[in-house]
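Chemist: Next come the chains, spelled out residue by residue.
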Amino acid sequence: KAGVTQTPRYLIKTRGQQVTLSCSPISGHRSVSWYQQTPGQGLQFLFEYFSETQRNKGNFPGRFSGRQFSNSRSEMNVSTLELGDSALYLCASSLDSAASGNTIYFGEGSWLTVV
Amino acid sequence: AQSVTQPDIHITVSEGASLELRCNYSYGATPYLFWYVQSPGQGLQLLLKYFSGDTLVQGIKGFEAEFKRSQSSFNLRKPSVHWSDAAEYFCAVVLTDSWGKLQFGAGTQVVVTP
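Top to bottom, those sequences are chains A and B. Using our numbering, you'd call the opening residue of the first sequence number 2 and step up by one each time. Using our numbering, you'd call the opening residue of the second sequence number 1491 and step up by one each time.
Keep in mind the hints are simulated off the structure, nothing from the lab. Quick caveat, the model's predicted, so the values are computed rather than measured. Beta carbons: idealized from backbone N, C-alpha and C, even for Gly. Where hints are given, some of them may not hold.
Stated by the list, open to error - Partial pick of chain B residues on the chain A-facing surface, computed with a CB cut under 10 Å:
1) Tyr1517
2) Phe1524
3) Phe1541
4) Gln1593
Said to hold, decoys possible - No more than 25 Å apart at the CA atoms, straight line, and that leaves these computed lysine to any residue pairs for SDA-like:
5) Lys1551(B) with Glu109(A)
6) Lys14(A) with Ser1493(B)
7) Lys1551(B) with Leu113(A)
8) Lys58(A) with Gly1543(B)
9) Lys1558(B) with Leu113(A)
10) Lys58(A) with Ala1491(B)
11) Lys58(A) with Tyr1522(B)
12) Lys58(A) with Gln1496(B)
13) Lys58(A) with Lys1551(B)
14) Lys1551(B) with Ala3(A)
15) Lys1558(B) with Gly1531(B)
16) Lys58(A) with Lys1558(B)
17) Lys14(A) with Asn103(A)
To be verified - Covered stretches of chain A, as calculated for chain B (at least 3 residues, CB under 8 Å):
18) 12–20
19) 34–44
20) 69–83
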């Protein structure tokens, strides 16, 4: 079956602009989470959505937001971009809970460069 | 504070030699544990996971990991590395009450020499 799909893969934005990244989870997965990866801070959790509701949130400013649609697809938005927002943004999907058979799968990521 | 620690930022290993990557966690309860691998410019690929049961778990690409509750550790091993194992390796944990919220270690960069 298809994996986690993220679009776009690469993008360049200017400071002050906003950006929207998209994530299509694996079919049947209702939990979608987002992570930011930078050389300095490593992998940091942004937020997690389940059934269109934000279930967990990391320590990021309000400029970072997300949403999930009824088909479980998710988008994240970053407004008023700063140079420090340049990063690889990773989306992950999984089934609902921590049942023993569950795994959290990652997409290939969206590379954002802010200039 | 809750944390995941990978003490080794960088490891160099000869092709054919064994590899062990360390991971320690600090949580009140035993979390669910994962090891992921990331090749340059790529996303994260799951190598293996531990939820419960047998403390020695087998993963893909010949990797295995051992969970030791007494040491709060989940170390990754491979008996004989291949040049294609050069990558960055991340240990990650998730708590049962916050499924979907992975906390990652800083990662260990593995370099494989001929």
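Chemist: Now, for every hint given, state plainly whether the structure supports it.
Modeler: We went through each hint and held it up to the structure:
{"no.": "1", "hint": "Tyr1517", "in the structure": "14 Å, violated"}
{"no.": "2", "hint": "Phe1524", "in the structure": "7 Å, holds"}
{"no.": "3", "hint": "Phe1541", "in the structure": "5 Å, holds"}
{"no.": "4", "hint": "Gln1593", "in the structure": "7 Å, holds"}
{"no.": "5", "hint": "Lys1551(B) with Glu109(A)", "in the structure": "19 Å, holds"}
{"no.": "6", "hint": "Lys14(A) with Ser1493(B)", "in the structure": "33 Å, violated"}
{"no.": "7", "hint": "Lys1551(B) with Leu113(A)", "in the structure": "30 Å, violated"}
{"no.": "8", "hint": "Lys58(A) with Gly1543(B)", "in the structure": "30 Å, violated"}
{"no.": "9", "hint": "Lys1558(B) with Leu113(A)", "in the structure": "39 Å, violated"}
{"no.": "10", "hint": "Lys58(A) with Ala1491(B)", "in the structure": "18 Å, holds"}
{"no.": "11", "hint": "Lys58(A) with Tyr1522(B)", "in the structure": "19 Å, holds"}
{"no.": "12", "hint": "Lys58(A) with Gln1496(B)", "in the structure": "24 Å, holds"}
{"no.": "13", "hint": "Lys58(A) with Lys1551(B)", "in the structure": "33 Å, violated"}
{"no.": "14", "hint": "Lys1551(B) with Ala3(A)", "in the structure": "21 Å, holds"}
{"no.": "15", "hint": "Lys1558(B) with Gly1531(B)", "in the structure": "32 Å, violated"}
{"no.": "16", "hint": "Lys58(A) with Lys1558(B)", "in the structure": "30 Å, violated"}
{"no.": "17", "hint": "Lys14(A) with Asn103(A)", "in the structure": "36 Å, violated"}
{"no.": "18", "hint": "12–20", "in the structure": "violated (count 0)"}
{"no.": "19", "hint": "34–44", "in the structure": "holds (count 4)"}
{"no.": "20", "hint": "69–83", "in the structure": "violated (count 0)"}
The structure fails to meet hints 1, 6, 7, 8, 9, 13, 15, 16, 17, 18, 20 from the earlier list, while all remaining hints are met.
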